[in-house]
Structures are given as C-alpha cells and as structure tokens.
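K.L.:
Residue-level listing of the chains:
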Amino acid sequence: MSLVARQSLLARRVLLVVVAATAVVLTAACAPPGADNSNSGQNNAGPIKIALVDAQSGQLSSLGAWELKGAKLVVDEWNAKGGINGRKIQMDVFDDQGDPTVGTNLARKIAAEGYIAMLGTAESAVTIAMADILKDAKIPNITSGQSTGLVAKKSPFLFLNGPTSTTYDETLAKYIVETKGLKNIAMVTNNGSFGKGEHDAFLKALTARNVTPLADQVVTTDQKDFSAALTTIRGKNPQVIFLGAEEVQSGLIVKQARDLGITATFAGAAPQGTPVFFDTAGKANVENTIVSSPYLSNDINDASRKFAAAYLAAFKEEAELHGAKAYDGAQILFTALKTSNAATGQALADAIRATKYKGLLGDFAYDETGVGIFATQIGVIKDGKLIAAS
Amino acid sequence: MKLRLSLLAVVGIALWFLPYGLGPYAIHVVDIAIIFALLAVGLGLAMGVAGQINLAQVAFFGVSAYAVAILTARAGFGFWTAAVLAMVATLATGMVVGIPALRMQSHYLGIVTLGLALAFTNWVTNAELSGGAEGLGGIPVPPMFGIDLFSEYLYYYLELIVFAIALGFGMFVVRTRIGRRMRAMRDDALAAGAVGVEIPRLRMLAFAIASVYGGLAGVLYAGLIRYVAPETFSLANMFLLLAMVIIGGRQSLLGCVVGAVGLTLVREALVEFATYAQLAFGAVVVLMVVFAPTGLAGIPARVRRRFSRGQSALARAQLQPFAPSDVGDSRPESLAEPPPDLVASDLVASDLVASDLVASDLVASDLVAQRTSVARTGAEQAEAAARMILEVAKVTMRFRGLTALDGVSLAVREGEIRGIVGPNGSGKTTLFNIVSGLYRATAGKVAFDGEVVSRKRPYELSLLGVARTFQNLRLFATMTVRENVLVALDRSRTAWAWRYPLWPVGVWRGDAWLRAEADRLLAAYGLSEFADVLPSALPYGIQRRVEIARAMAGRPRLLLLDEPAAGLNADEVEQLATIVRAIRASGVTVVVIEHNMGLVMSLCEQITVLASGRVIAEGTPAQVVADTAVIEAYLGDARMLEAMT
Amino acid sequence: MQLFFQTVVGGLSLGAIYALVALGFSLVYRTMGLVNFAHAGVVMVGAHVATTFYLFAKLPFAIAMAVAIGVTAAIGLVIERVLRPLENKDFDLMLIGTIGFGTVLEALAILRWGATGTAVPSPVRTAPLDLFGVRVRTYDLVVLGVAALATVLLVWFLHSTKRGAAMQAVAMDHEAATAVGIHVGRSNAIAFAIGAGLAALAGGLVGPLLYVSPAMGGSLGIKGFAGAIMGGFGSIPGAILGGLAIGVLDSFAAGHFQGYSELVTFLVFTVIIMVRPTGVFGERTVSRA
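Protein chains in written order, with the working numbering: chain A, 1 to 390; chain B, 1001 to 1645; chain C, 2001 to 2289.
Treat the hints as calculated values from the structure; they're not laboratory data.
Hints may contain errors.
The calculated PhoX-like cross-link candidates involving lysine-lysine, where the alpha carbons are at most 25 Å apart (straight line), are [what the hints assert, rightly or not]:
1) Lys316(A) / Lys2058(C)
2) Lys283(A) / Lys2058(C)
3) Lys338(A) / Lys385(A)
4) Lys153(A) / Lys109(A)
5) Lys204(A) / Lys316(A)
According to the in silico footprint, chain C covers these stretches of chain B (three or more CB under 8 Å from chain C) [unchecked claim]:
6) 1118 to 1125
7) 1251 to 1264
8) 1275 to 1285
9) 1457 to 1465
Taking CB as the label site, the calculated pair distances span [to be verified]:
10) Arg2125(C) / Ala375(A): 39 to 45 Å
11) Leu2131(C) / Ala284(A): 35 to 41 Å
12) Gln90(A) / Val1266(B): 53 to 59 Å
Where a beta carbon is used, it is the ideal one built from N, C-alpha and C, also for glycine.
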C-alpha cells in the first residue's frame, strides 16, 4: 500500500474511533442512568421495614447490643399483637462499626431499599453524619445519641429517645454544687463525640454556677492507661471527679484512680448507671458515685418492672438505661405508625412529633428540635446498686 | 496488538454502560470500589513495583480527603480549588514520609510509615479544625459544567475517567525507565545501585507517586461521600488495602485493581458477617503469600508456564558468538537518533522549549563523547597509559573486630587488565565492595581517575564510570535479560522524571532509543535470542555473560569482575577471555578477581596477591607465580607451579 | 517533682509490658530475620486465654498464665510451620503473611470472646505502696519482677544452652548451620514458640493493668515494636531498654499533651530513628545477602 493510501486508511480509522467514542459518550449524556430509579421497593402491603443501625462490633458494641435488645422487645411485643394495622414489623440490623462514614453508606442503603424509619445509632457522631442523607430521603430517625450536635442539626426527621447531654449535666451540676455544696471538682473526659459533648455541657453548667474545675483532663477514646491524668488530678485534691467517657473507659479510670489512692467521689451521666461500668471499675470502687440518669433502676414503677421482667426473660440479663431508651424510642415510633396508619416521610415525622408517650424514662413530648424529654434524676451507687438520691 | 485494542474497546464500552444496569446502592458500592482501586494502584506502585513498604497509604488518602473537607466546609473554598490544594498537601506529605526512606528501609520504613499514619489519625481525632471524632460534613458537591454530580451515577463517570487516566499513567511508568528502575531496586537494591540507580531519590519518588494516587482517591472520596471521619483512615483499612494488593497481585497494577474491586464487592456481600469476612481475608492473605506470591494476577503466567514446558522458545534459543567489534562502541554519531537522556543534569528544564529538546540533545551528546571517552586513537591511549585510573591508598576495613583488609594499597593504570588473587577470605570481594561504594572503608582512601571517591555511594560511582559484576550473580530476577540491560543503559538522573507528567512523549522516544541500544548490545554479546527470558531460566554460563553485558551497558571506564569464571567450563572460560580482551580494547580498564590461575595468567598484565587482608605480592604473572610468599599462601608448593606453567 | 516520679513509675510498669513485647519481636527477628506482625495478635490471644482461665475457670493467676503461654507457643509453632517455605527467601512476603495471621487471630478472638472485652481484677490484693508520696501498685512490682526474670531466663537460654547456641548459629548463617546438622526449621520453630510465649506473658500480665479486648493487641504491638527498634532490633538489652523508654515517653506525652500523646510519641520516635537508624544497641539479625 502506498504511503498516502496508508495514511488515509489510518485517518479513517481514527475518525471511526472518534465518532464511535462520541456516540457512546453522548448516549450517557442524553439518557443518563439512574434517572428513573426513584424510591423503589416501597409498597403499601407487606411488612413495615424498619432499620436498626448501631455498632455491632468494636469497643462500643455493647451500646449497640443494648439498643438492639430494647427495640427487639418492642417489635416482638407489637408483632404478637398483630403488627401495625395487620402488617408485620420487620426490623433489619445494620452494623455501622462506630464509623460515621460507614453510617453515611448505610443511610444511602436504607434509603435505596425502602426502609421507612430508622432506630439508632447510639453514637452521636454517626447519627450526625447520617442525618443529612436521611433528611433528603425523608426517613425519620429516633436515636439514642444525646449530643447537642444532634439538636444543632435542626433536622425535622431526627428525634432523640432521651435527654440531651445538657440536661444530664445541668441536673448533675445543680445537685453537686447547689444541693451538696461541693465546689472542688475535677474533670476527666475523652475526646470522642460523647466525651466532648459531656465535657462542654458540664463545663457550661459549672460556669453558670461560677465554679471553675480544678483540673480538666482529656484522654483519647482508646486510651487504657490514665496514670498521667489521674496523678495530675490527685495533686489538686478534688472532692468530686466528673467522668465524661463511655462505660468501659470510665470504669478503667475509676479503677486506676482508686489504685493511685484517689478517694474522691465520682460523678457522671448515662454510662455511670450501667452494670458494665460497675463491673469494670470494681464494685467497691464505685461506691457513692453520683449518677444523673432518667432511668435509675428497674424498680421505679410497674411499667419498669414489667419491662425489666420481659427483658430478663428474653435476653437473660439485667435491663438498664440504654435498653430502656431504645424501648421507649421503638414504642414511640410504632405508636406514631399506628396513629398515622403506616405513613411515611414527612407525615410519619409529623406523627412522631405529635405523639405524647408515657415512657420508662418519663413523659415524652417532642418539640421542634426533636428532643422529647427534658429531665433526669440523681442517683447514688450504693452497694453495687443505683438508688435514688435522697 | 489488535486483539488487545479490541479487548480494551469492549471493556471500555461495557464499563461505560455499566451504570444502566445497577440500582442506586449498587452504583454507590461501585463508586467506592473505584476509589479503593485508585488507592490500591498507588500502593502497588510503591510496594509491588518499587518494593517500598508503604503503610502510610491510608494516611495520604486521609490528608487529601480532610484537606478538601477543611478547605470547603471550614474555609469556604470552592471544591476544585480545594481539590488542587489538597493534592499539593498530599504530595508534600508523601515527600515528608519519603524522607525516612532515604535513610532506612523495609521494616524500619514500615514502622515509621505506620507511626506517621497513626500520628495523622491521632491529630485528626483531636484537632478542632478537623472536627475531632465527629468528623466533618458539609462538603459541597463538586461543580461540573452543569452536570449534577450529586447523582452517584454521573459521579461514576467522573471517577471512571480519572481512574482510566491514572491507571494508564501508572502502567506507562511501569513499562518505561522509572518503572524499570523501581523494579530493579525492588529485586536487588544493591545491584541496582551498582548500575547507577539513585536509590534514595527513587525511593522518595515512589512515595511521592503513591501519595499522588492517595490524593486523587481522597479528592474523589470527599466529593462522593461528602463526609470525613477519622475511622475511615484507620489501620484496619490500611490492612484491608494491603490485603487487596496482595491478593490481587502487588507486582501487577491490573492485579491491584482486580484485588481492590473484588475485595470491595466481597466485603459488601459479606457485610452481615463482617467478622467472618475478616477471618477469610486474613486466611486468604496467608495462603496467597505462601502459595501464590504473585497474587491472582500472577496465576495466568504460572498456568502458562506449567503447560508450556518444553515448547518454549527458550529451548531453541542459542547463544550467539560474541562480536567484539560492537562492544563498547556506542559513539553517539553512529546512532540513528541522538540519545536524549545522557547528561540530563546539564539540561535545565526551564531553558528548554519542547522543540529545542532534540537540538540541544545533540550538544549534550557531544559533551558525553568528551566525558565518557570510549574508543581512542593510539596516541591517546599511550597518553592514558601513564594515568592511574584507580588508586587504593592504605585501605583498612574492620567489621566489629574482624579485620578484612589491613592497609591495602594498589594502583591500576588506565587500560590495564589487573588480576587480584588470593585465598578465600583474603579480602578480595571486600576490596571490590569498597571500590564500588558498597562498603565504607574504616580507614584509607580510594581515588578514581584522580578524584577521591571514598565516601561515594554505589550509584555515584556507577555514574562516574565504575561497573562491576558480583561473585554470586546479582541479576534482577523478575526482569528479562533485555530489561536488565535496559536499566544499566539508562544513565539519566532521577530528576529526569519530570518529563513523565509534563512531556511523556519525550519519555516514549527515549525508551525507543534505549530499546534499540539494548538490542545492539545484546546482539554484540550474542544474547539476542535470550532477550525476553528471565535470568532464572538461563544456564549459569549465560547468566554470567548477561551480567557482564549489563555492566558494560553503563559505558564504564573501569570494570570490576568478581570471579567471572566461577562455574564455567573450559570453552566458556575461553570465550570469557576473548570478551575481556575486547572490552579492554575498547578502552575500559578491567580488574578481575579470579581463582582460575590459567585464566589469570593468560589474561592479566599485572597481578596483585592478597592474603589475610594484606597485599603480599604484586607484579607480572611470571613474577608473582615465582614469589615464595605467594606460593606458600596460595598456590601450593613449587611442583604445582610447574604443572601450571 | 512528685508528679515527675509518679509519671515515671506509671510509665515503667507499662514499659515492662512493652519490653516483653519487644523481646518477642527482637528474638524472632534476630534468629529468623522476620518482622512478625502477628505478634500483637498473639499478645491479645494470650491475654484472653489467661483471663478466661483466671476469671472463669478460677485457676490461680500463675497457672492461668502458664496455660496461656502453652497455648500461644502452639500458635507460634503453627505460624512458623505455615510460613516455613518463605523462610530466608522473601522477608517482605513473610512480613505480609504475619499481618494476615494477625488479622485471623483478631477475628477468631472476636468470634470466641466477643468484641467488648473484660476488665480483670488485680491478682495481687495488697494495698499499694507509698514511697515518699509516690504510689506504686504492688502489681506493678510483680510485672517488673516477672519481666526481669523472663529476660534473665532468655539470655541464659541463648548463651548457655545447646538449643540457644543453635538458634544463634542459624541466625548467623543458616546454610552453614544446616551443614553442621542443625535442623533450621525446628530451630526457627522454637524461636517462634518462645517469642509467642513471651507475647502471652506480656498479654497475661497486662490484663489487670489495662483491659482485655480483641483490639488491645494493636496499641501494645505497635509500641512494643517501636521499643524494639529504638533499642536496636534483634538486641535483647535493646528490647528491654527500648520498651521501658517507650513506656516512659508515652507516659510523659500523655501527661503533657493529653489527647495528642500518640502523635508526640511517634514524632519523637521518628526523629530518634532517623538520627540513629539501627537503634541504640544496633541491629542484629540474619545476614540477608
């Protein structure tokens, strides 16, 4: 073939490739994929799909396990009575691994697969990460988180099944400073989302009462040795030490503090009311710890006793605050579903907001911020049991 | 070639229309898989191709993603501006992480990169700027000329295009000179240094490249998920990435892609059984490492090898006779195209316009002709004969109490063939190691052509014109004979690599020239039929010749041969002698360590005898052989001498 | 001043644990040239086994530890046997293989013992000592004592027994060792088993100090590894020194920088390693030529 012929053949080939490629590209531009993939999988018959998202693995997995148990109790209870308007409730469990970005992936998954509501997570950071996506998909979410960051989200689809950190710590600070008159307070918190929220809320409550903490030590979430922080605190000789960390870590802090000869009283919120905390710290070490919690024990009234009995029968372990919160949250959700006749989206969110529920934690009445309960009580640990403070 | 192109076209079209068949969550998973594939390719380039343990890859990912998040959500920059700045930040981090690579390697590097990755996670979890443990949300959707990238379907196309370019670039790097150098460094860093590879800078470059891929992945991630939190960049994900690269095949970029996509999909499928999945991944990694170290990507090659025994071209390949006239004759004017790569350090990039490159290369090649003097006229040679090309002055080498060399001095004239003999353990190889820069002498000096080179690294000596072979044959095991030679032929400095992102055509052309040169050299040494064979498949004698060809590819002025006749039969020894004489005739000084006294006697003009780390005799072969000290220490008694002469 | 000493004391007891972990790393590296990333997983398994026998089978602490050491030594033998084809051939691949094993061990631990973990009460019930205002837990002294004893035994083994000498010989030149009749594979297996046993010792001892969970291996492993490297990888006194140093460094960093302690610790570590890449006592291992 002559050079000219060869060159023109090559040119033709190149032109062919370019045209083909342009055609391919334009197809995608004119008829983009996914255009008609709206919220499929939703139907008005069949089971009502609820997603439960929590950390089922990792250090915070106990929180996830408690939430699952509390919610499951409610699902079984309602399904035994015929479900909601004849439709069974189907609760599927998702593991967010305590990772906010895994949470965002799960939020997309839930939205794509036709779940109409979500329960969880127990970690505020993950819940905050998921909030925007759930808001876009109009999926209401009742969370066990308590961080004020949740409220700051201002999502009409986000609800809390307990008080915020502000409430917990306001009540606690009030008791310690005003009722007990103790002003020498040290703080140990971790830098996770819960710990940071607790730190900020408690500090604010103290400042409002003109009290400055003697020490403000911050530890990392997976720290296991606290001798440095505790030695500093010991040097300041506080009367009370505030704990802003999850169950296991605060238990370790207490244990090591006692080993170092610190005799101060400990104080804290939700985690300090759990058996995991007592066991990790050692029963003797937690004596007299002050706890701010809306659910002090399983023995408060008939409702709580009934709940505790059912919990024990189903899961062979003692019920506690987190299970109770999850129980309340699920009850509220299903009540709202029933009254709205299995509505979805905005209608369901409105129904939840309108639900007035007498729960284990107290009387729920949601305001526009998504918080439904605004008070906790003070308890003291005596002999391994949390009893109401006198 | 046609088959490959059509296959590529089919794959391309399939990938282009893939989103049409996927649901909304499935496309999300695919988008994530592509990002991990990008990370895996970067890790593969650093670990698989360059052999650098890089446990900071996930930190590069994190730096980029967080930089985009902070710049957009906190500082209000636009997405693409933030993306560019993030890439710069990641590259800077890559260079910083590469600094330890200049001083240490393998597990030390592993722990330091790991430590830096942990330090990053720690900082990010604590700092207010990065949102602490909660992370940062509110990253805007990247704007793209009216296309709404909020849709994960359309985002897929963005990722696909970026990925295709990145993968193409990666494969381009692997197949050209920088990639070859990295593979050489991975296979045998010592030998690579000896043929002129600037090991420390190349290591740094490997990290820089890995960080660029990490940076791209981070930008795409930030635009897709629009939320960053510390856990994503944790050690657990680093090990997952490692598993992807190992299972897929770390030495092949396509393998890394397969590993990444495969593992992402498997992980998604097994999301309900996360712990079992983790167990399975760990177990598969262990099995892969023991039974299939080249990963999934290496399986086709192994299958092919299994089923094609006895039919390979290798069985029919013959060693061609050595063609002495072509050896060392790489005068620039004899070539079809001027070499654009020699003395690159003389070319200042900013002074050049692309079209000037070819013209100015000619100037450079003239300089080369002056510096690396190749064949000379008789008059020049006579003048050179008086010059000492190698001077070793009172060199002592002590290894923790053992004195290997004790005050050794010798001088080699230019153009000489010098023999170094002595009993085992007398310090001969140690001497070579010192001269070629592998060891630093405890005391004494080494001068090459008048310049003191005692503290120079092996690659610096190689670039000055010192080449060597090794006692235990150090060929690059995973590279073909041609590639072994190509690495040595390439005399450019690492800084030459700026052409890759900015002037890839220059890289391509340079490679074409190198290949032509390599073919010429292989033909001269009679190795043409073995060009595409791996060294391990070659008989010992041929491997030895390959090593000599490789050493000569660097156009040295001094060639150190360490026991080149070991394991060769009489015929091969004869050929070796011919080769060495031809090498000398082309103007290269040769120093030979040998035990084969017949060869030494016939080949060398002068012989230095070492025993117990000291020079015990020096002179012509006849003188040395008659020396009583030599006879006592090495040759045996006088009767053996008679048998030999 | 009291704060300073208290911080040092706190750092030393954890430092003794890191030293034990570092010893395991260094021993395996010295005799096999292998960096064993499964070591952290073995520490964790050892801790769990010891805790299970101590808390649930109610065995005395020392016996529970002995059982744990036996179990992990067996695990060490398994790992060595599986990775034997790679020995002295491809060190980087072996390293990656141990990472795989580490992942497997962690997954197995989660499946067997759950992800949350347990707190372990101290086996020594006596009250802490009070020396000039510095509180020293009795258990800390036990830990230091056991670590010292283990080191002495190890040194005696390496220098005064035939097997120990054989292990050193294999490290210097494995081909020559084979030539004089030493079974290299078996010698490496013993090295691995001892390393694993040291890991179990560390894990079992650390339980009452900290917390036993499947994630515990990570931090201990990395710090132990860093300690081994700082002291000179492969050197026995180096491992002890390095481990203790990292413990004290970590303690001070936690005291001054609180949340940022890990960042500081690793930056300091990087600087030290860059200044002196082979560690304080220098590296000692198999020849890789």
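K.L.:
Could you run down the list of hints and mark each one as holding or not?
P.N.:
Status of each hint after checking the structure:
no.: 1; hint: Lys316(A) / Lys2058(C); result: holds (23 Å)
no.: 2; hint: Lys283(A) / Lys2058(C); result: holds (19 Å)
no.: 3; hint: Lys338(A) / Lys385(A); result: violated (37 Å)
no.: 4; hint: Lys153(A) / Lys109(A); result: holds (21 Å)
no.: 5; hint: Lys204(A) / Lys316(A); result: violated (40 Å)
no.: 6; hint: 1118 to 1125; result: holds (count 5)
no.: 7; hint: 1251 to 1264; result: violated (count 0)
no.: 8; hint: 1275 to 1285; result: holds (count 9)
no.: 9; hint: 1457 to 1465; result: violated (count 0)
no.: 10; hint: Arg2125(C) / Ala375(A): 39 to 45 Å; result: holds (42 Å)
no.: 11; hint: Leu2131(C) / Ala284(A): 35 to 41 Å; result: violated (24 Å)
no.: 12; hint: Gln90(A) / Val1266(B): 53 to 59 Å; result: violated (26 Å)
The structure fails to meet hints 3, 5, 7, 9, 11 and 12 from the earlier list, while all remaining hints are met.
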